[in-house]
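The sequence shown finishes on residue 58 if you use our numbering, and the numbering steps up by one all the way, no holes.
Just so you know, the hints here were simulated from the structure itself, not pulled from any lab data. It is possible that some hints are incorrect.
[As the list claims (entries may be wrong)] Estimated spans, in silico, between C-beta atoms of each pair:
1. Lys35 with Gln55: 29 to 37 Å
2. Ser28 with Glu49: 26 to 34 Å
3. Thr26 with Gln55: 40 to 48 Å
4. Ile57 with Ala36: 30 to 38 Å
5. Asn56 with Thr26: 43 to 51 Å
The beta carbon of each residue, even a glycine, is placed where N, CA and C say it ideally should be.
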Amino acid sequence: MNTLSVKVDNIKAKKLAIDGRILIEELREQAQNIQ
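Using the sequences and the hints, build the whole thing.
Shown next as structure tokens:
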């Protein structure tokens, strides 16, 4: 069970990192559109 929870935490962390990258990329595109 302990190993499973660690794996789940890693998956959540990866998803957060990916979501963060996507968000940053979208913000960059919006900033370029404003200029």
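Which hints from the list above does the structure break, by number from lowest to highest? none
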